Every structure is written in structure tokens, then in C-alpha cells.
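Protein chains in written order, with the UniProt record's numbering: chain A, 1 to 180; chain B, 1 to 172; chain C, 1 to 408; chain D, 1 to 197; chain E, 1 to 166; chain F, 1 to 359.
Possibly wrong hints are sitting among the right ones.
Subject to a maximum C-alpha distance of 16 angstroms in a straight line, what follows is the list of computed EDC-like cross-link-like pairs (lysine to aspartate or glutamate) [claimed, not checked]:
| no. | chain 1 | residue 1 | chain 2 | residue 2 |
| --- | --- | --- | --- | --- |
| 1 | C | K205 | D | E19 |
| 2 | C | K110 | C | E298 |
| 3 | D | K8 | C | D260 |
| 4 | D | K50 | A | E144 |
| 5 | C | K102 | C | D304 |
| 6 | C | K314 | D | E174 |
Over 10 angstroms on every C-beta distance to chain D, these chain A residues come out as not near it, computed from the model [to be verified]:
| no. | residue |
| --- | --- |
| 7 | D24 |
| 8 | P89 |
| 9 | Q93 |
| 10 | S112 |
| 11 | G114 |
| 12 | Y120 |
| 13 | Q145 |
| 14 | I147 |
| 15 | D148 |
| 16 | H152 |
| 17 | E160 |
| 18 | R163 |
| 19 | T167 |
| 20 | D168 |
| 21 | E169 |
| 22 | H172 |
Since the hints were derived computationally from the structure, they do not count as laboratory data. Keep in mind it's a predicted model, so treat the numbers as computed, not measured. Idealized CB from N, CA, C, for every residue including glycine.
Chain by chain, the residues run as shown.
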Amino acid sequence: MKEVTIAEAPQGHSGSGFFATSFDEAIGLARSYSLWPLPFATSCCGIEFMATMGAHYDISRFGSERPSFSPRQADLLMVMGTIAKKMAPVVKQVYLQMAEPRWVLAVGACASSGGIFDTYSVLQGIDRIIPVDCYVPGCPPRPEQIIDGLMHIQYLAQNEKLRRRNTDEYQHLLASYNIQ
Amino acid sequence: MNPSLSFFYFLSFLTILSALMVILSRNPIHSVLYLILTFFTLSGHYILLNAQFLAAVNIIVYAGAIMVLFLFVIMFLNIKQDHEEARTNISKIAGAIVGGTVFVILFGAYRKSVVPSYDPNQFDSQVGMIESLGQLLFRDYLLPFELASILLLVAMVGAVMLGKREIGERHF
Amino acid sequence: MADIELLPHNVPSQSELPELVEELTTLNLGPTHPATHGIFQNILKMDGEKIISGEQTIGYIHRAFEKIAERRPFYQITTLTDRMNYCSSPINNFGWHMTVEKLLQIEVPKRAQYIRVIMMELARISDHLICNSILGVDTGAFSGFLYVMQKREDIYEIYEEVCGARLTTNMGRIGGMERDLSSTAIRKIRDFIKTFPPVLQEFEKLMSRNRIFMDRTINVGPISLERALSYGFTGPNLRAAGLDYDVRVMNPYSSYEDFDFSIPVGQSGDTFDRYNVRIEEMWQSLKIVEQALNNLPEGPYYADAPEYYLPPKKEVYNNMEALIYHFKIVMGEIDAPQGEVYHAVEGGNGELGFYLISDGGRAPYRLHFRRPSFIYYQAFPEMCKGSTLSDAILTMSSLNVIAGELDA
Amino acid sequence: MQLTNRSKQVSNKEMTLMERAYLPAIATGLAITLKHFFAKKVTIQYPEVKRYLGPVFRGRHILKRDEDGKERCTACGLCAVACPAEAISMVAAERIKGEENLYREEKYAAVYEVNMLRCIFCGLCEEACPKQAVYLRHDEFIPVFSDRDQVIWGKDLLVEDMNNRYTREAWTKEEARALDNKRANGEVTNVVPRAIP
Amino acid sequence: MLSNQEVAEELLGKFGDQVYDFDEPYGLLTLSTTREDIIPVLEFLKDHKVFQINFLTDLTGIHYPDSPGKEFMVVYHAHSFIHNFRIRIKVSIAEADIHIPTATGLYACANWMERETFDFFGILFDGHPNLIRILNIEEMDYFPMRREYPLEDATREDKIDALFGR
Amino acid sequence: MELTEFVIKTITIFVVFVLTLVIAMYSTWGERKVAGFIQDRMGPNRAGPGGLLQPLADAGKMFFKEDFIPALANKWLFIAGPSLAMLTALLASAVIPFGSTFKWDGHEVVLQGVESNIGILYVFGVVALGVYGIMVGGWASNNKFSLLGAIRAASQNISYEVAMGLSLIAILMMSSSLSLGEIVSQQHGGNWNIFYQPLGFIIFITCSFAECNRVPFDLPECETELVGGYHTEYGSMKLGFYLFAEYINMFVSSAIISVLYFGGYNYPGMDWVYNQLTAALGSETGHNVATLIGTAVFFGKALFFIFFYMWVRWTIPRFRYDQLMNLGWKKLIPLAIFNIIITGAATLFLKPLITAWLN
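Could you put the whole structure together from the sequences, leaning on the hints where they help?
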């Protein structure tokens, strides 16, 4: 009954040094193999995400095939496709609704920087409204590159301290985006 | 005190508490949930009385179906708490009087009634079992049983007729 | 850091209590709802599960294509059309190129036309595959989707062989093709023709005659022919309503008159009709691809129009004239005549029109895309009125609204 | 209404008795999925197994050097103009004496930057380059970035490494076509081995 | 098969000099009309027993800032499926009086196309049931497709504009 | 109560509990693998060999995810929802007979949590309560999609319970007992109820699909319509409980199906195996080994049905709400009643005839 034994432990709020590093690592590993993505697919990259989900590339190998369309259940926000300024508040709200720990993957040129759409209506990269952990170049990126991005997020998840989300640094990062 | 007696007291306490909470809680959803809890504890009593079948049916029918519908309806209507204010003092007083009268009558009835005791040596442990229940229902009380079922059928048909009426449509 | 004010947008998980006063609830479908595929919003007034009325908000990925087109030389607009209907970008590309060729009055050689037909029909297959399999996903059958997606992967492989990209192909050039079909590409197309039918048949077996699927789709989101015409339906959705209008037959372009194929039509314009029309169109497309491949003429794959088509690299090195043309074309200084052109092709979703006004400059003076999705999506509230939420979602996915095309 | 003689009615909404009974269709479906359950899996185990990218795949940018290791780019700026995403920028400089072994032409790009997040890999720069200097590699793509600062790639990352030169079967589409014709006629048989079909 | 000549003559007969500027660029019958007559012309073509030009293919606007008094133009493309005949009708309007009647009464599909045109150019379609922005955000205070407004997002930082006359 | 008996009972209950949990846990892995294999994919294979640590990874992640309660939600009920779902799901496994008996040092231990004479009614009661978790959770989330999901779940479960109960009555008429242990032992050897009750079986399995909210009846949570249905607002382990409860329900209904229709731990030729084993290993050990084999057979059957659930899920589309109701009320209930009549007629007339003919 692994769950029960874990559940009795407090959630990382007690003093430093309470958790052994190996425990951090175990949870990091667990997180990294259970990154449920929220596919925020708006355009072309979303079609490539279908290919990534498909039989040829199959992101389920990484434990990420359960797309959580509800932000509460997602660990990884995959923003795929152009984010217009009209859409920007929605993206931000979805990000706000996600529970910690959350990661953001900007897939494709449009989401990362606006791509060719250097226009009045397009947000020039989602990192202007939410913090982004990983950018995937390409227009659209190949599924391999999307998987690369996912693996990078896995790497981040594995190397993240359990308490990172409570640090001043992280709070400062969020504050710079006007997120409390 | 033997274990089943202490269990009886515990159950009774829970029953009364949850029954009280049914009428005391302000949120109708909570009321329904407490009512379900009451049914549970009542089923516990049935089990103590060695009537497992009744206990199970009580849960299946009341807790499992009827209360689900109650909850269903309340969720749909979503009665908000601000409707509390609609209750005037008169209704409160009337409620108190009615409740008090019922309580007094019950208490009087309890005082007058004789609680029959049983003889452990002659007690038939199968009396609450499904076989004896079936014998009773389908042999001794067959007519009332069938009448009740017809009554229920009529009620059901009526409910369907009433509920199905749509705009611009008349059934009767 | 730039900050954007939070607008009172309703994301599904943020909703207020249902109103008690009127018994209607308002349900926000989108823009992050899974069935809207993340791009538009439907505000539905519902009575229980029944939809009373709907209102749409679109523009969530408006990218100002038409404005960009006014600033880009003709050849760079291909990168825009690629991203318009990204499920079938070659059709968009070639449609644009044909428009410019019409303006410049360039005659494209037969071989290039046939290659275009092959690519466009493959694109149509991939477009319809996505639409129909997503319809399957929305009814809850996920496996069929992944079975046919494997074949779409094959189509992408063919694209990749021809142009080097999977989705945003940037495949054609004004005056012809960027490249000829290589022998590998031809082999892959032949493989595809051989291996696709069993997969599509399997998909049909899985879905088409399954009663659950039929019950879910028959009489769901129907639209009468009259209303469909009034709403400007074209393509499979119009054909499902019963009119056999197909640009490929009515105004043949790119040698479509050479091929023998039929136009599938439905009966009452419901979801099942749309599904069946798309399935049949895939069979017809496959037929066209086969014919085009078998009759692929020899010859050049680009027109003899040195002012508009980039010269070979070797020429650029050695030939002064070619070098000048090269510079002129890349700088966008080609001599486009003044004039206005409307050209339409049969896109994945219907008549994809390009209305181009040129004032002789390096970029179009005005370029307007007639985007079928944009035009017919406005019929959605009427189509889903009175049906349930589940029906509305199937109607939406069977309409195959592509966000890039919708919002442009 | 019928406009052409090519129309074909395709939608049959009548259900047969068998179709009405739910179960036969469900059984067919189950049979199909069971067949797939035991079928060979098509999945490419990506990080370990890499998929063949195609001979003309448009991947990572590279600035070619010629055989002597001299940079081919002459900073004419055609690629920058051709770029629809306006992702390429460069600063031209005159070659001074003693740099002949570095740059092939008299003018060269002192700075050549590609914004990898802007780039849409359309291949127009490769097509525009009159000096055959910029190419999109067919065998490699851009890695993911974790930071905004890394995305503008300068010459240090773009210029070809002479120790690990980038080769291709054919450098231009004309060459590719000629090669393909030869291959189709059986004149060239050294078929490059492919990673996976 | 319907010829351009036939339709043009019929229109001239019905509307006289209210329809003018007949042209056939690339074989497509093009004509201009006035703001007052556009709806009657469309209606006439739609209800015509023979022509049956009853499909509105496209509706869009164009901005000509350099032609005073005719700064804006609304272009209608209509189509007759029966005859496979296309027609293009143009209406010029002035910036000072930027109104034109709506075609939503004739064609349901005109609704969004007109909204789009309004969104892009600010052309007001009188009688339109719901003339609000469709693609851009509600808060936008200009009409982006007018030629004087810039295309680019002003906040882009990663570009050197001085390069080669971009 | 004797102490040893108490200890034995405790151990049995604990084993049943753990087994249920482990099976449910690995069902999540199984579901993903089966989905993958059906769809020509690999399924999870990075977390541990063959992805075997996947459930642990999910659990680990969920426990350490931020525990979030929406501001407008009803806090207590929001927490009560998943707890109720989990509770009711786990309760049902108490009466499942996993095998016959263990003999040990003179004791005879029944491999069943609780031997009750109303076992099947108990299961029914618990299943009937299962809907509360969903309803309470869906309502407490204060989200329209959740509420819609909850309402769908409630009406669906109530409707299909009726048909399920009616289809069961035929079985009860044949076995004339409510005890699951009794029903199983009546199907000794290959004498399974499925041969007598094929129609009842089809109705029962259809209804059990509906009770578990599985495709084609997964309307309460269907992704494409209601985002996540009743668990839209749930994250972290609360969501985990909901998902877990679904898999436990699946296991329980698979077990019940194999008990009711496929003879539970009975298999053809078990007497022969029993005799061989007792002859070879002595009466006690032989008996225990035979029991173990029976238990293994039982789990084999239950796992097959879990697989069947998944197999169906990844094959067919789902119903629409009104079609689901039509199917439940207008098709399955009449069919079930018809089945009862047939069974009654058969037991009354056919059985004596056959017995007479045989004699």
C-alpha cells in the first residue's frame, strides 16, 4: 500500500532537511513520467500534436497520453499554435487554473515568438503573459521535436526540488507576470 | 453491556443526530445527505433486528434510488440560501406548534404503550429473513400487496402524464 | 513584462451558478473546450440538455492574413496559404499559385498540373481523414482515429519526399512545382494507393454501419439545401445537403477535366450525410490520384516563364540574365500586371476563393480569401437549435471548421 | 437539384435488422480492434530510434564553406529579404587582406543571425541564396530551447564545421532531379541506407 | 450557358445608368453600381427566372485612400450554379459617408462577411442585425485593414528593420 | 468471537482489500497498455520495465500535486465526493467469493470477506450508493459541466439499476438463494449460468457497463462534451480517487459477472483435479492447492472481463443521453422481464419435462 504510507507524510511544508534528497528524486521521477498535458491546440501545431499522439510517435510511452482538458488535472500546458491577443487572456486564465506544479511548453514558432505573424492581432510569444519552461522551434515542429520538448520538461521535473514552488525566486517569477 | 447493545446505542445516537441535522441544516443538499445517513443508521437497526433483507432493500430503494432523485431535484432547482429569509415568523411559530404537538402525542403514545418483551428461548431467528418475509407477503398478505402495487402503478402513470406535458400539449 | 488585463472570459471551469429565475442555463463551449479544438467559443442557452439558442465568438486565432498579404511579395504568400487550412495546405498553395498564374497568364505544363492534382487530392484525403476520424473521436470511438492517422502519416511522408516538410508544405511555386516528383515519391504514392483502401474500409466497418454511430449522426444537425445555399455552404457540406456542386467539375482547373470521378451527394445535410460524403470523396480522390499517376505526362514541371520562376542555381552562377532574374524574383520586383482576379479551387471544405487585386506593385494591393469555413460556420446555431449538447458537438466536428481558415 | 451527371447518392440511412440489433456491428468492431491488438506496432521509439527525415527535409540551418574552408556567404541579403518571418539578419563587412582563406568573396557576413523561434523552415532562404551558402540540413533539426536567450543563433552555431562536414546527395533541386533520373534508370545504385521506412 | 453580354444587357435594361463600368477582367463580368441600387441589383439577379444568380460567393471591402470620394469599395461576388456564371459587383462609397445597406436580408451568409468587412474597414452596413467586430477584439479602436495602419505588432524586438529596404 | 477466527477474518479482509486495490491500480496501467496495443501503439513503457511503475508514478505525482479547492465550491462536499466514491467502490468487494475454502490446522477459512446470506443484495445496495460520490462531487464543484455530468450519472445509474436487478432475478429464480457463495457453488464444474441465461448475461453486462460509467455509457465524464464531466474541477489525489474508484468498480463488476454467470472459481474438470491433488499431496494441502487453482481461475475470469471492458471502450462510440435512456427503459427492461418470464416458465414446465424424460 504505497499510497497510504506516502499520504501520511506532510506535503513538504515542514522544515528543511525533512525530506531526503532521494525522496525528492523519487517524486521528480514520478512526476516526470506522469505529465498529463493540456493540449491548448489552436492551429497547425495542434495537427502535429495529433501525429504525436498517434501510433507512430505515441507520447503515451512517456506516460503523457491522457490529455486533461480540464486545467485542474493537467501538469503540462502545451500551447500549440498561434495565440492571438484575443486568446491571450484565455491562455493566462487556463494557466492560472492549473495546479502546481505546472509546466508550460510553447510548441512552434507562433506560440514561442509569433512566427511569421508579426501582426497587430497576434501575441508575440506566450512568454509575454505566462512563464514558459521550454520552447520548441519549428513551424510546425516535427513530432520528434515535440517529444524532445516533452523530454526536456521531464528533465526539468526530475531535477526540480519539491520545494522549488515555494521559493522566493519562483514567486518572484510569477510576480513578474502579475500572477500571485 | 454487551457489544450489540452498545452498538445499538451508538446507532440510535447517530440516527437521532442525523435526523435532527436533516431539519437543522440550512443547505438543502446537506439535509438530503443527512437523510441518507439516517437511512443508513436505520438499516443498521434492521440488521441488529436480524432483518438483513429489509436492511438491504432499505438502502437500495430509499438511499440508492429515492434519495438520489431527491438530490437530483434539489440540485436542479438549486435552492439558494437567500430563500431562508422568505420564511416569516408565522411559519416558524406554526412549525414549532405542529412539531411540539406531534412530539407530545408521540410521547403520550409511548407512555401508554406496552413494549412486548421476547423470550430468548422461543425467539425464531429466521423471522426477519427473506423466506419468512416472502411467505408473509405472497401468501398471507397477497391482496394488500397487489393492491399496493396497482396503486403505485397508477401513481407512476399519473406522474408520467403530469411530467411529460410540454408547452401547447394537453393530455387531459 | 507586458501585462494583459484579464478580461471576463469564460473558460469552462469558471462558471457561475445556473440561474433559478429563467430555467435556461448558459453553457460556455470553448474556447478551450476539447470539442471546439481550442479555437472558438459557443455560448449556448440550454434548457436541460436541449439547446435553445447559440451564439458564437470567433477570432481567437485571427492572424491578419490579408494584411500581411499586402506587405509580402507574391511568392512569400505561399507561407500564408500553407497555414490557412493546415489540414490540406497544398490545395491552398496551389490555389494561390493558380490565381497568380491567372493574373500573369502563365500556362503551366501538363506535368506540373498533374503533380498538383496528385498533391491536392492527397491533401483532400488527409483533410477528410482528419474530419471524419475526429467525428469518431467526438462520438467516443478513439481507435479508428489512430488507425487512419497512420495513413495520414503516409501522406505526410509523401509530402516530405516532395518538399521537405510534413504540414506546411510550401510546395508549389508560381509557374509550376518547386520540385519534380522523385522516383521515391512516386513509389510512395503507389504504396499509398495500395495500402490505403483496406484501412479506409476498416474504418468504415468500424463506424459507418454501427448502429450507435448511426443513431448518433442521423438527423443530427441537418440543414436544408435552401438554407445551405443561403448560408453559402460549399464543398462536402453542401453536397451532403444534396447539391452536386464541385468546383473541380464546374470550373475545372489544373486539368481536372481529364479525370473521371463522381460527386458524392447526401440526402438531408445531416451529420451522417456529411460523414458519408467525405468518405466517398476520399475514394474518389484516391481514384483521381491513381489516374493522374498512371497518366503522368513527361516534360518540364515548371512553366517557361523566366521572369517569374527562379532559374536553376547553375544558371545563376554562369548567366548574367539568370542572375538578374534571380535577384528580381527574390526581391519581389516581378512585373505583375494591374488587374483583378477571382480564382476558386475546391478546398477541403468547399470553394476556396482568392480575390486578388494587383496594382502592379511587388505585393498584392488587396488579397481576399474566400474561406469556406468562415462562411458556413455561421450556420451552426441554426443547425444545432433544438438538439442536445452531444448533437451540437457532432455537428460542429462534422462541419470541419478549421481555425486557421475560419479566422485567417 | 442536380448540376452535373456525375452525382452519386452515397448516404444510406436505412438500417437492416442486423444493424438494428447493435451486437453484430459491435462484434465486428471488437474483431477489428482485437486484430490490431495482436498486430505489429508501428511506433517509432523516438529518442532511441530516429525516423528517416527524407532527402529534402528542411531542418537546421547551416552556412556552408567551400572545399578550402572558405565561407561562401557574401552577405548579399537575399535570404533576409526572402524570409517571410523576417528571422534572418546580417551585417556585411569587407574582406581585408589576409582573410582570403576565410571568405570566398570580397564581402562577407560579419554577423549572421537567425532567430530560430521565428523561423518557419519554409526553405525560401535556401532557394534565394545565389551563392549556395545557406542550407537547411536534411538530417538534423533545431533542438528545443529552455531560455529565450539561446534562440538567436549566430555564426558560431551556423557556420559549417570543417571536421564534421554536412553532406547531401544533391545540393540543388536540379541535381536532385538528375540524380533521381539516373537512379530510376539504374545508372546509380548506391542507394543510401535508410534508418526506418 | 449564360454569356456576359446577356446579363449586362438585362441589367442595363432594368437599372439603366445606375449600373456602369462594365468590364470583363479574366472573363468575369464586373460592373459597378451605386449604394442605393446594390440590394435591388442583387435581388433582381437572385430572383431572375433565367439567371438564378442566387449564391453569394464572397463579399469584401477594399480601401483606396488615394481616390477622394471613393475611398472604400465593397465587392460582391455572386454565382449562378445552374448556369455556372459568376458576376462581380462593386460599390464605391466615400469615407465621409461610410454606409451601405446590408445584404443579410437576401443572403444569410452575408452576415459574417459584412461583420468582417466592418471589422477590417469600418464600413457600416445599415440594417445589419448585429454589426460588431468579429475577428478582432472588441476593444480595438481602429480598423486594421485600412492602409494607413501598420501591420506589425509594435512590441516586436527581435528584428532589424534597417535591413535591405524591408 | 474466538480470537483466531477474528485474526483470520481480519487477514482475509485485509487481503481482499489489498488485492482489490492492487488490481485497480494495475488496471490503470492495463487500460493504457490495452489502449496502446489496440491502437497500434506501445503504451507506457518508460516508467519501469514495460511501464510497470506507471501507476506508482501517477500516484506519486497526484499526491504531491497542489490540492486545490475552487473558491466557489462547497468545501466539505467537494472533499466528500471522491471519498464517497472510493468508499462505496471498496465496500462492494467484501462479499465476493474469491475461492472455496482453505483448510488449516482444523480451521476452515472461506475465501470471502463476509459470508452473507444476502450477498447479492449487499452488492446491489453498495452499487446503488456509488452514484452519490459522483453526484455530490459534481454538484459541489459548482461548475456547469460537472453538474451536467453528475445529473447524467445519477439518472443513468438509477435507470440501469432497474434493468440490472431484473436481469438478476432470473438468476435468483434458478438458484433460489441470495448468497453469492451459494450461487457459485451451485455452478460447480462447468455448470455455469451463462448457458442457461445468455440473454440475462447480455443485459447484465450492458448494465454493468452503464453502472461503471464506461464507454459506450461514459456520458457523465465524456471528454468531448463535458470536458471532464463530474471531475472537471478535481485535481490531485481527489481526481485520483475518482479514477481509482472507477477501476475498482470495474474489477468488482467483472468479479460479480464471473461469479454470477461464469461459475466464479469453478472450472470444468475441477473434481478430477481436486482428486488428483488430494491424492498426491494429502487432503489438506491438496485441498488448499485446488482452492488456489480455483482462485487463479476466478481471477483469470475477472481479469478477462476487465480486459473486455477496455476492449469495448476502445472500440465503439458512445450513446447520446436520450438514446441511452431509451435503451435502458424501452429495450433492456422489457427484455429483462421477458427473460424472467422465460426462466419462470422453463423452471416450472421445462425442468419437470426434462427430468421426466431423462428418467
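If we take the beta carbon of A:D24, is the closest beta carbon in chain D still more than 10 angstroms away? 20 angstroms, holds
Holds or violated: are the alpha carbons of D:K8 and C:D260 at most 16 angstroms from each other? Between D:K8 and C:D260 the Cα gap is close to 13 angstroms, so the pair holds against 16 angstroms.
Reported absence of A:D168 from the contact zone with chain D (all CB gaps over 10 angstroms): Given a closest Cβ separation of 20 angstroms, the condition holds.
For A:E160, which was marked as not at the interface, is the minimum beta-carbon distance to chain D over 10 angstroms? 13 angstroms, holds
Taking the closest pair, is the beta carbon of A:H172 still more than 10 angstroms from chain D? 17 angstroms, holds
Exclusion check [A:I147 not at the chain D interface, CB over 10 angstroms]: 5 angstroms, violated
If I take the minimum Cβ distance from A:Y120 to any residue of chain D, is it greater than 10 angstroms? 15 angstroms, holds
Quick one: work out the minimum CB distance from A:D148 to chain D and report holds if it exceeds 10 angstroms, violated otherwise. Since the minimum Cβ distance to chain D is about 5 angstroms, A:D148 lies within 10 angstroms and the statement is violated.
Holds or violated: is the Cβ of A:S112 farther than 10 angstroms from all Cβ atoms of chain D? 4 angstroms, violated
Given as non-interface: A:E169, partner chain D, CB spacing beyond 10 angstroms: 15 angstroms, holds
Is the Cα-Cα distance between D:K50 and A:E144 16 angstroms or less? Answer holds: D:K50 to A:E144 is near 8 angstroms, not above 16 angstroms.
Would the least Cβ to Cβ distance between A:Q145 and chain D come out above 10 angstroms? 6 angstroms, violated
Violated hints for the displayed structure, listed by number in ascending order: 10, 11, 13, 14, 15, 16.
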